[in-house]
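> So the chains spell out like this:
Protein chains: 2
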Amino acid sequence: MKNFYNLTKKELLQEKEKLQKQYNNYLKQNLNLDMSRGKPCKQQLDLSNDMLNINDYISNDNIDLRNYGILDGIKEAKQFFGNLLDINEDNIIIGGNSTLNMIYDVIARLYMFGYMDNTPWCNLEKVKFLCPVPGYDRHFDILEKFSFEMINIPIIENGINMDIVEDLCKNDESIKGIICVPLYSNPTGTCYSKETVERLAKMETKAKDFKIFWDNAYAIHYVYEKVELYNIFKACEKYNTQDRILYFFSTSKINFPGGGVSLLAGSDNTIKDTLKHLSKQTIGYDKINQLRTVKFLKNKENTLKFMDKHANILKPKFDIVLNTLEENFSNNPILKWEKPKGGYFVAVDTLEGLAKKVVVMCKELGVTLTDAGSTYPKKQDPKDSNIRIAPSFPSLEELQEAINIFCLCVKIATIDKFLL
Amino acid sequence: MKNFYNLTKKELLQEKEKLQKQYNNYLKQNLNLDMSRGKPCKQQLDLSNDMLNINDYISNDNIDLRNYGILDGIKEAKQFFGNLLDINEDNIIIGGNSTLNMIYDVIARLYMFGYMDNTPWCNLEKVKFLCPVPGYDRHFDILEKFSFEMINIPIIENGINMDIVEDLCKNDESIKGIICVPLYSNPTGTCYSKETVERLAKMETKAKDFKIFWDNAYAIHYVYEKVELYNIFKACEKYNTQDRILYFFSTSKINFPGGGVSLLAGSDNTIKDTLKHLSKQTIGYDKINQLRTVKFLKNKENTLKFMDKHANILKPKFDIVLNTLEENFSNNPILKWEKPKGGYFVAVDTLEGLAKKVVVMCKELGVTLTDAGSTYPKKQDPKDSNIRIAPSFPSLEELQEAINIFCLCVKIATIDKFLL
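Each protein sequence line maps, in turn, to chains B and R. Mapping to my numbering: the first sequence position 141 is 150, numbers consecutive. Mapping to my numbering: the second sequence position 28 is 37, numbers consecutive.
In case anyone wonders, no lab produced these hints; they're calculated from the structure. Certain hints may be false.
Because identical chains share one entry, a pair is satisfied inside a single copy or across any pair of copies.
As a list, the in silico DMTMM-like pairs of lysine to aspartate or glutamate whose alpha-carbon atoms are at most 25 Å apart [stated by the list, open to error]:
| # | residue 1 | residue 2 |
| --- | --- | --- |
| 1 | K19 | D70 |
| 2 | K247 | E175 |
| 3 | K154 | D218 |
| 4 | K387 | E182 |
| 5 | K154 | E134 |
| 6 | K27 | D425 |
| 7 | K84 | D43 |
| 8 | K289 | E158 |
| 9 | K11 | E213 |
| 10 | K348 | D176 |
| 11 | K281 | D150 |
Chain B on its own, in the form it takes in the complex (with noise of 0.2 Å):
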């Protein structure tokens, strides 16, 4: 492996030359190969096959779930996930298959009608709103839907530069949420520190309004280490901040993404507010799913078990990414990544303003990736460096052939740049 640091320019076009004939060659196959959404793969799909064989009806206190009603969900539901995430059973709200779809109503909410007796926040002369990034490109795209201004954070080690964000939203009332994926997060894997959650719990915050959007997407979505997250419930009743939380979860990613359940957890007065609006909206999400997918979790022990089988697919398909990048370029330091515990991704930086270019690239021999930007705001990343990598959804072969043609296109772009 050659440091392309230390090479002459004549050393740069010969390396060039040798990895363009490489690139003529893969132009020739006409592949099709696909790393850029966090979609489970077939086989893990299949590990939920027996929840369809399910046609219970009726619940433990003896409901009939075919009918309408429970617009809040169905009792051992929520037993089933406050166990699972150590929230208070009647703090949490059972949804329909989309979490994304939840997060979406809480805000549309938020703007329309406001947090209990504050401002609808449709008028506000401003709206803003705190993003950790790289992050989740579809939680950016509603907040961009509201035409709420975003402001880029930070992504660091255990989780989130907290000094920017204390000194924003101390001073500033129209800074209204921040929106977070707090664990194996989306894309760059990180698990933010229990230091961070009480942090953010405790801070001050001008707007009275103000709301932490914790999408738990990854809670037990481990691939090489279970990362136990601060509970921000507990956090927060210390500092009586608990009616800051939204807390979101589904099991899009433990079941089935098309078909799964979701969840929203608050405080009293957030359950409550959400209700009295939810209650004219619809009359109850799908309950004979939600009896399904408990019947077939059954419990924490069990469910925890489960994740194991997910972990043992996804593992050597993380493994193929990380020893393939390790390969090309843990001594040709123009590409830089961290290993992720869990999730469902790789996030990675290119040297400046080289991403679109390697995301082009990439799609002229057939490999589909994410978008260049699409971890920013607006997607619009400053540095033009970051790329995120799905590695969950091809099977190993496609993926070591997709690997090897995304480092084959950062070298010839990087070489580039170094000869510009």
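Following the hints, position chain R against chain B.
Only chain R this time, still in chain B's reference frame:
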């Protein structure tokens, strides 16, 4: 049967004494009967139990429906519903389990973002909606939530008073929509005539973004007589007003109220505009349940046969209500009603000022009815006379007892009014 209008004061007092004894007898029985909500009964729900044994998840075009994707619904569901309702499948979006949620979402989008490049309704001084009355309480609740001004439009024999509708829409730009249940209407059972549909399609509206919310909830839910609704898409095509259609339907009262599939249909523009917003809101609805629904209902012919089974269960219940009303009031015109051809309700009108009193009296005897006034916006029935009777859920025996009690209470309340 005595006609109260022909009785002397003395005879009314004698009648009241007799009825009051019956009332007191019921009072001792601590009954618990419910004619309040349009819920299918257990026997109806049991018709669809086989649906829960369907465990397929691969679409006809070989897509794995367990995974993410397909925002607008699976192809076979669009084909099935398009064929069932005579709507172009490209003009259909398949949703989650609740039409009400879909209606709420559509209104929220018009409120927050506006239709195409029209002003979002939240930025307007005033938004008014036309509400055919008596109507569906949950529709009115949504409109009230958004602080829209609701204007009562009288339901007449074959639809609604279109003279009033045309006059209002032509002259008032702030009138943004009308919300209709055009077939076997809730609660009157009214079926809109071809003329009514055509006039809705043809009429001039001062608001460019005027919308007809066409909640065809009972499209195939006949009890006594199958009525064909004139196709509003065809009507609007003639006048190039397709953009005003927002068509809703669901399988809630075909299969399971808690686990059905909903549908939104609209013009090409409406579908395009809706998907633009919806793509930020969710990745997709529960496609496994969409497939389950279609595999169970199969096709139009089978579905219509299936609805015969519902009708066979519902007919004896409607018979009990209608026959008992007939027996009690055919020669004593203190209560008025129309025999519905289908749907879930019988709407009755007491003499002015008696509906609330009757509902309270029934409640005292253990018979729950929908709150008086519920069939009007803000629960304000100007004549306090309309009561919605929902015969579907109780058993035949319970229903007979409940409707007997209802008739008794109507008589006592009416005598009290006469004696004032």
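> For every hint, state whether the structure bears it out.
Do the hints match the structure? See the list:
1. When the C-alpha separation of K19 and D70 is checked against a cutoff of 25 Å, the pair qualifies neither within a copy, at 77 Å, nor between copies, at 53 Å.
2. Proximity of K247 and E175 under a CA criterion of 25 Å is satisfied intra-copy only: 18 Å inside one chain copy versus 60 Å between copies.
3. In this homomeric assembly, K154 and D218 come within 25 Å of each other (Cα to Cα) both inside a single copy, at 20 Å, and across copies, at 21 Å.
4. Taking the closest pair of Cα atoms, K387 and E182 come within 25 Å of each other only inside a single copy of the chain (23 Å); across copies the shortest separation is 36 Å, beyond that limit.
5. Proximity of K154 and E134 under a CA criterion of 25 Å is satisfied in both settings, with 16 Å inside one chain copy and 23 Å between copies.
6. Taking CA atoms no more than 25 Å apart as the test, K27 paired with D425 passes inside one copy only; the shortest distance there is 13 Å, against 101 Å between copies.
7. For the homomeric pair K84 and D43, the shortest alpha-carbon distance between copies (24 Å) is at most 25 Å, but the shortest distance inside one copy (40 Å) is not.
8. In the homo-oligomer, the alpha carbons of K289 and E158 lie at most 25 Å apart only across protomers (17 Å), although the nearest pairing inside one protomer, at 29 Å, exceeds that limit.
9. In this assembly of identical chains, the alpha carbons of K11 and E213 never lie at most 25 Å apart, being 50 Å within a copy and 74 Å across copies at closest.
10. For a Cα distance limit of 25 Å, the shortest separation of K348 from D176 qualifies neither inside one copy, at 30 Å, nor across copies, at 68 Å.
11. Only between protomers do K281 and D150 lie at most 25 Å apart by alpha-carbon distance; the minimum there is 18 Å, versus 28 Å within a single protomer.
The structure is inconsistent with the numbered hints 1, 9, 10, although it conforms to all the rest.
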